[in-house]
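Peer 1: Spelled out from the first residue to the last, the chains are:
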Amino acid sequence: MSRSKLMPVFLVLAVAASAIVASTGYGGSAGQQARVGSAQDPITFLTLWGGSEKQAFEKVLRAFEAKTGLKVQNESGVRDFLPVIRTRIAAGNPPMLTIIPRPGILADLAREGALKELEPMGVSKSYLARNYSKAWIDLGTVDGKIYGFAAKANSKSVFWYSPADFKQRGFAVPTTWAQLVAVTKKYKAAGETPWALGAKDSWTLTDWFENVYVRTAGPDRYARLFGGTLPFDHPSVAAALRQMTSVLNDQYVAGGISGALGTAFVDGIGRVFGANPSAHLYMEGGFVGGIALGDVNPKLKPGRTIAEAPFPVINPRFGSPLVGGGDLTAVFVDNPEVRKLLLYLSSPEAGRIWVSTGAIVSPNKRVPQSAYPNLLVRAEAKQVAGAKVFRFDGSDLLPGALGEDWGSTLQKVIQKPSDIPKLLSAFQKKAAREFKR
Amino acid sequence: MTQGPVPISVAEAPTRLGRLSAVAPREAAQGVVFILPAIVILATFLVYPVIWTTRLSFYRGRGLGFEGYLGFDNYKELFTEDPSFLDYHRFPPQGAVINNLKWMILYTGLCLVFGLALAVLAGRVRYERLVKAVVFVPMAISATAVGVIWLFVYSPDPKIGILNAVGEGVAGVEPISWVGREDTVNYAIIVAYVWFSAGFAMVVLSAALKGIPAEIVEAARVDGAGEWKIFRRILVPMISLPVAVVTVWLVINVIKVFDIVYIMTRGGPGASSRVIGYSMVFETFTNGRGGYGAAIAVVMLLLIVPIMLLNIRRFRSERVSG
Chain L
1 MSRSKLMPVF LVLAVAASAI VASTGYGGSA GQQARVGSAQ DPITFLTLWG
51 GSEKQAFEKV LRAFEAKTGL KVQNESGVRD FLPVIRTRIA AGNPPMLTII
101 PRPGILADLA REGALKELEP MGVSKSYLAR NYSKAWIDLG TVDGKIYGFA
151 AKANSKSVFW YSPADFKQRG FAVPTTWAQL VAVTKKYKAA GETPWALGAK
201 DSWTLTDWFE NVYVRTAGPD RYARLFGGTL PFDHPSVAAA LRQMTSVLND
251 QYVAGGISGA LGTAFVDGIG RVFGANPSAH LYMEGGFVGG IALGDVNPKL
301 KPGRTIAEAP FPVINPRFGS PLVGGGDLTA VFVDNPEVRK LLLYLSSPEA
351 GRIWVSTGAI VSPNKRVPQS AYPNLLVRAE AKQVAGAKVF RFDGSDLLPG
401 ALGEDWGSTL QKVIQKPSDI PKLLSAFQKK AAREFKR
Chain Y
438 MTQGPVPISV AEAPTRLGRL SAVAPREAAQ GVVFILPAIV ILATFLVYPV
488 IWTTRLSFYR GRGLGFEGYL GFDNYKELFT EDPSFLDYHR FPPQGAVINN
538 LKWMILYTGL CLVFGLALAV LAGRVRYERL VKAVVFVPMA ISATAVGVIW
588 LFVYSPDPKI GILNAVGEGV AGVEPISWVG REDTVNYAII VAYVWFSAGF
638 AMVVLSAALK GIPAEIVEAA RVDGAGEWKI FRRILVPMIS LPVAVVTVWL
688 VINVIKVFDI VYIMTRGGPG ASSRVIGYSM VFETFTNGRG GYGAAIAVVM
738 LLLIVPIMLL NIRRFRSERV SG
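Here the protein sequences come in this chain order: L and Y.
For reference, each letter of the first sequence is one residue, going 1 to 437 in this note's numbering.
For reference, each letter of the second sequence is one residue, going 438 to 759 in this note's numbering.
Just so you know, these hints were derived from the structure itself, not from any lab.
These numbers were taken from a predicted model, which means no experiment stands behind them.
Treat the hints with care, as some may be off.
[Unchecked claim] The calculated label-pair distances, taken between Cβ atoms and stated as ranges, are:
(1) Y/ILE542 / L/LYS429: 57 to 63 Å
(2) Y/HIS526 / L/GLU75: 55 to 61 Å
(3) Y/PRO462 / L/GLU112: 51 to 57 Å
[Stated by the list, open to error] Part of the chain Y face toward chain L, derived, beta carbon under 8 Å:
(4) THR491
(5) LEU501
(6) HIS526
(7) ARG527
(8) PRO529
(9) LYS539
(10) PRO593
(11) GLY617
(12) GLY661
(13) GLU664
(14) LYS666
(15) ARG670
(16) ALA708
(17) PHE722
(18) LEU740
(19) PRO743
From the three backbone atoms N, C-alpha and C, an ideal C-beta is built for every residue, glycine too.
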């Protein structure tokens with residue numbers, strides 16, 4: 001074969017290589033050929049929701065499609081949300097809309113310039129104020145501009161128990177910390193394991209801490225701590241952690257602390273509400289109900305074998321503030337179709353459909369109580385709506401790396417409470433640096 | 438018929454650049470054309486990313502862009518202020534680097550020992566193929582599934598975890614939370630990964646053993662050598678090259694290990710089971726610190742380079758002796 005015959009082959013290779021380089025360099029933005037919202041070029045949505053939360057959301061999307069004729073493609077169940085979304089942004093290929101589980105991340109992405117501001121897209125402050133309370137609007141506001149609004153809300157200030165078991169043993173539902181400790185001790189004295197804990201997922205520990213802290217140090221200090229103006233080595237933090245470890249220790253937790261650290265969140269639910277329970281109490285958000293009924297044990301009877309109660313009061317001065325979580329809707333690509341979907345998702349109409357599934361609680365204040373299908377979610381919705389003091393999940397407010405780091409710090413705390421001062425000062429060093437960025 | 442180029446015989450092949458001038462310019466140009474596609478592909482997918490990553494490691498790198506120049510700060514933080522990466526203020530030292538070291542010794546060692554033992558022993562039984570198939574099957578499972586399977590095995594709840602069920606039922610010991618304890622978690626993951634890859638070592642070494650001429654072993658037997666002596670003095674030396682190849686493969690596996698740690702523990706509890714690869718992904722994507730993650734990637738690359746060099750040198754010496 002002569003050289004001249006090789007040249008075309010080589011040229012093809014070179015063109016192919018340069019095409020690959022070019023396509024990775026520029027990435028595909030929203031396609032301009034097909035109309036957005038058509039079957040070929042649907043509105044793209046990326047969410048971390050799976051299971052019942054996914055089904056509920058897709059029910060809302062189908063209603064939107066039926067109403068507008070626009071198609072929405074929901075890429076769902078992305079559990080490890082952060083790596084996926086950051087990769088997609090860096091590749092220039094973000095979804096049009098997404099659900100961001102942490103306001104801290106929303107703020108990071110907004111400041112990096114990745115998110116679109118919502119006000120110019122028709123989602124104004126006054127419009128949102130009709131549907132959401134100020135606390136929720138603030139969560140989606142970064143440096144005075146709106147970048148997101150709440151899609152769903154959770155109460156995280158609840159613990160779960162079996163009313164039948166309580167009745168049989170003659171326990172009253174504890175409303176104060178002292179009563180909670182008393183119930184814990186009674187279970188222990190009866191030769192039972194009081195608590196289950198899914199500490200392999202470290203956010204279960206940050207939720208424990210937040211509930212104890214907001215009740216011992218007060219909502220103001222809570223806001224300052226997670227806002228970066230109160231150091232983590234403040235004595236109030238160590239005190240709250242010691243209070244927390246007076247219940248979360250080898251004595252009272254199923255499998256001991258090491259067992260808890262090897263147990264994931266859902267497996268922890270299984271230890272209390274599974275077919276062969278080995279513990280009696282579980283502290284985690286309102287979403288436990290849906291998972292327990294849907295995934296862990298369908299035989300549970302709400303109100304009889306599973307029920308929730310508000311996290312007890314510790315210091316009467318601070319009462320029972322609500323620690324809540326929530327996911328925010330945010331936008332990467334602005335177009336008229338996306339605007340329509342935004343307005344729909346924030347409407348009470350969508351909220352009604354959403355909550356009718358029993359999977360979530362809506363932060364939309366115009367969604368009525370009667371729209372909730374069962375006892376467990378109605379109780380949660382009531383708690384969220386009726387909270388006098390509301391504080392957002394603090395670890396989700398922390399910027400960048402800190403939320404994850406705080407979780408692993410708490411994993412170390414429960415293993416060795418005597419290390420608390422050392423661990424807190426190390427964490428504070430990191431926090432100071434991170435808040436400065 | 439067109440006149441094709443005269444093929445260059447192997448003996449004449451230029452081994453040093455100096456000799457290139459001796460080759461006719463036309464032939465040299467042809468040589469360049471032949472290797473150009475490979476060069477283009479390597480440059481695009483290997484050289485360019487390496488340079489890009491190295492450059493990124495000197496920046497803060499939000500959104501994986503060259504943003505916020507930091508100089509060597511990322512490296513300084515990595516080696517002096519990040520206890521989850523390297524903590525030499527405690528004894529014994531801890532952190533992802535130390536965990537990788539544990540992996541290097543235990544994983545590589547166990548895979549080789551099991552692989553070799555199984556290769557030798559399986560060769561002596563009638564159901565050899567069955568044994569080999571059983572040991573090799575985990576290789577066909579994705580590492581993700583391996584992680585999930587072993588999470589069930591290790592579950593601290595004896596109603597789920599077979600290991601604790603056996604421990605409690607047979608020996609009457611309290612359930613041990615294998616992946617929930619800082620002192621056991623690394624070994625637990627390593628064992629799972631050995632289960633995953635010992636089969637590969639076994640297959641390669643078994644093939645190598647089969648390649649040893651039977652006469653040599655017979656001659657040794659005639660000379661009165663025992664089985665152990667044959668194994669140590671004849672079999673092992675004769676398969677030293679395949680052993681080296683497998684070792685290199687295992688060591689590279691260790692340096693880049695990520696998947697099974699991610700599935701089984703996410704580097705926890707605390708940060709006690711992080712490895713370098715996990716730290717890189719965690720810092721880059723979960724924490725959004727592109728520059729810091731790139732610095733970890735560069736460290737990883739530097740760790741792999743000497744092993745690659747060793748391997749290349751070995752191949753060269755093989756060619757000379759062969």
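Peer 1: Would you list, in rising numerical order, the hints stated earlier that this structure does not obey?
Peer 2: 1, 2, 4, 6, 7, 8, 9, 12, 13, 14, 15, 18 and 19
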